[in-house]
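**Student:** With the sequences and hints as input, model every part of the structure.
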Amino acid sequence: MEVIKDGEIAINEWQHVADDEALPEGKATLSLKRWREEKDGLTGRGTPLGLRLTAADIVEEIVEVLRQFDLIVLDMTQFTDGRVFSQARLLRERFGFTGELRVRGDFIQDQMFFLSRVGVNAFEFPEGTDLENMRRALGEFSVAYQAATDVRDPLYRRRS
Amino acid sequence: MYQYDDYDQTLVNERAAQFRDQTRRFLAGQLTEDQFRPLRLMNGLYIQRHAPMLRIAIPYGLLSSRQMRMLAHIARKYDKGYGHFTTRQNLQFNWPKLEEVPDILDDLASVQMHAIQTSGNCIRNTTSDHLAGVAADELEDPRPYCEIIRQWSTLHPEFAFLPRKFKIAVSGSVRDRAATQVHDIGLQLVKNERGEIGFEVLVGGGLGRTPIIGVVIRPFLEKQHLLSYLEAILRVYNRFGRRDNKFKARIKILVKDTGKEKFTGMVETEWAKIRDGLALDEAEIDRVRAFFAPPAYEDLPTGDAELDRRKLDDAQFATWFRHNTVDHKIPGYRAVFLSLKAHGAPPGDLAASQMDAVAELADRYSFGEIRVTHTQNLILADVRQSELYALWQALTGLNLATPNIGTAGDIIACPGLDYCALANATSIPIANGIQRIFDDLDYLYDLGDIRINISGCMNGCGHHTVGHIGILGVDKKGEEWYQITLGGSSSNEASLGERLGPSVAKHQVAPVIEQIFHAYRELRLEDEAFLETVRRIGIQPFQERVYGSH
Ligand code: SF4
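As they're listed, the protein sequences go chains A and B. So in my numbering, the last one in the first sequence is 160, and the numbering has no gaps at all. So in my numbering, the last one in the second sequence is 550, and the numbering has no gaps at all.
The hints are simulated quantities; they were obtained by calculation from the structure and are not laboratory data. Note that beta-carbon positions come from the ideal geometry of N, C-alpha and C, so glycine has one too. Heads up, some of the hints might be wrong.
To be verified - On the chain B side, residues computed to face chain A include the following (Cβ under 8 Å):
hint, residue
1, Tyr7
2, Thr10
3, Leu39
4, Trp152
5, Thr154
6, Glu284
**Tutor:** Below is the structure:
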């Protein structure tokens, strides 16, 4: 399967492991609940670990352990649940997460521009999606007024 | 007024192109109803009873004559030749075709207009004082801040999918004409002890199902912190506002359930972390302010002998002058209200031919600008008093000179059952029924200032809860009934109306309102306005009058 990462189509190297599924060898993501339960046994595992957050998870609660993860997945179950946008911004801007920040689940291409502005750099779609088409959605706007994660200065500082 | 540069223009062009593609995908079955809904709402498009309804943004109620002409063109080409001004200073078209909406957005973009965020669960059009910049009681013109907020809120990447809609109003005058206390955020320009001007910040006001007056969470906010503070409030709301029940999703419920102290603490904590990074540059405030610099006023004498003579000679003109024009901070000028409340016509409606004519009059008499009031009237704000008579004659010919501004004939009414899919009952015929009481204008004037607001359902688009007399349409076994409230106000001492008693049938509304008028005339003290009487004696005497006689 492929994802869009940093604006390019890339191979997905991650497996999203369900809470009752055995942990595979390679790169794997876990839900916050499972990670909390098993975290002591996971240190020193050697393979990169990813964390899946739901919109209801409070990012402040994982600040201390952020550096243990190469990937954070924002699992969207309702594309209209805008909490994800704040989660992404806080992870990037306030808590300095530098790994891959990916959205997955119920989001639509019309949100990709917004998501990319709040620090999301990877998009995972259902199998069979035309990724080339989706990639274009990232460039729908060439102008943005606000300072956000992608551009730290508001537009007005660039006006002549 | 604000003029787009290449950046602003590019953004609305790209937005129109994006919506064209979204509409195409929806019609081709690539977007589901559920997916398309928030996208079209964020471009002002409702799909409902008769046809789609398109709401166009009129930022803080300010229009150029060129824009007004484009609205006339759109009304003619895509609609049935008229538009409806709303209580949030916007304009609605009731009959566009879905397939043609992308073309309408292109036409709007060509005159620096759009329909961005006029609906949906996002930050809506920022509203303001319709007398901004000309009112004598103004501390500072609020419009530059409205424009700064407009830009900040337009396609804000973090706040496009809020729990519910979000409305901001800014007022710069002593007298609050922007209803700041019943907005999600109300900003009131104030002066602190050191003589600096900043914002008093209110949060959590709102009408609709659970009407609440906003609370002050910061008595003084320095201007440079405007955007960081708004961002802090919005982030707290976006993260913690309820999403499980749309009737409890507005920020007012979050404020109420969290408690003012704790909520304020959350905002202040968030703000402390972002305030320095998001400070607003002084240079940007100055840049935007320059767009709202006063026009080239002439040096005019305060009085005008010709005007005085006209008022003496022509009683109708004198009446109009008294009711439909107000003082201007510059000597020799007045601000003129164009009444969209001709008795018997739908409140707030304007025909395409009238739009063109108003644009013409704005060019001739008022520097080419028009304002929309939240009471659904228009204003030409900068008219020389020597030209008032000619303007009055022209307006009379257009049926825009009904001398009823601020009176009980100047009724706010939502579209109601005639146009709105959510309605329980009609609003427009109720307004017209009440207006019929005033076949004699002297009776209307004797009643003085009375704000009557009518909504066709609990959503309260007609702001019934803050009407001195509020009328709310309810459904009673499939019939239209109306609940009446007294004593509401959205002005400085904002208050919510109190229920008079059981709802009344449609044909009883006008007679009941007439009884309320009679009671007021008997019970008022000399020179006491309706609202003051209600506040002094309470609603009981009115209840007795209305229900005692049944
Ligand atoms: S108050 Fe109700 S009936 Fe009136 S416009 Fe709003 S939603 Fe429609």
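**Student:** The structure should be examined with respect to each hint, and the outcome stated for every one.
**Tutor:** Structure-based check of all given hints:
no. : hint   : in the structure
1   : Tyr7   : holds (5 Å)
2   : Thr10  : holds (5 Å)
3   : Leu39  : holds (6 Å)
4   : Trp152 : holds (6 Å)
5   : Thr154 : holds (6 Å)
6   : Glu284 : holds (5 Å)
In this structure, none of the earlier numbered hints is contradicted; all agree with it.
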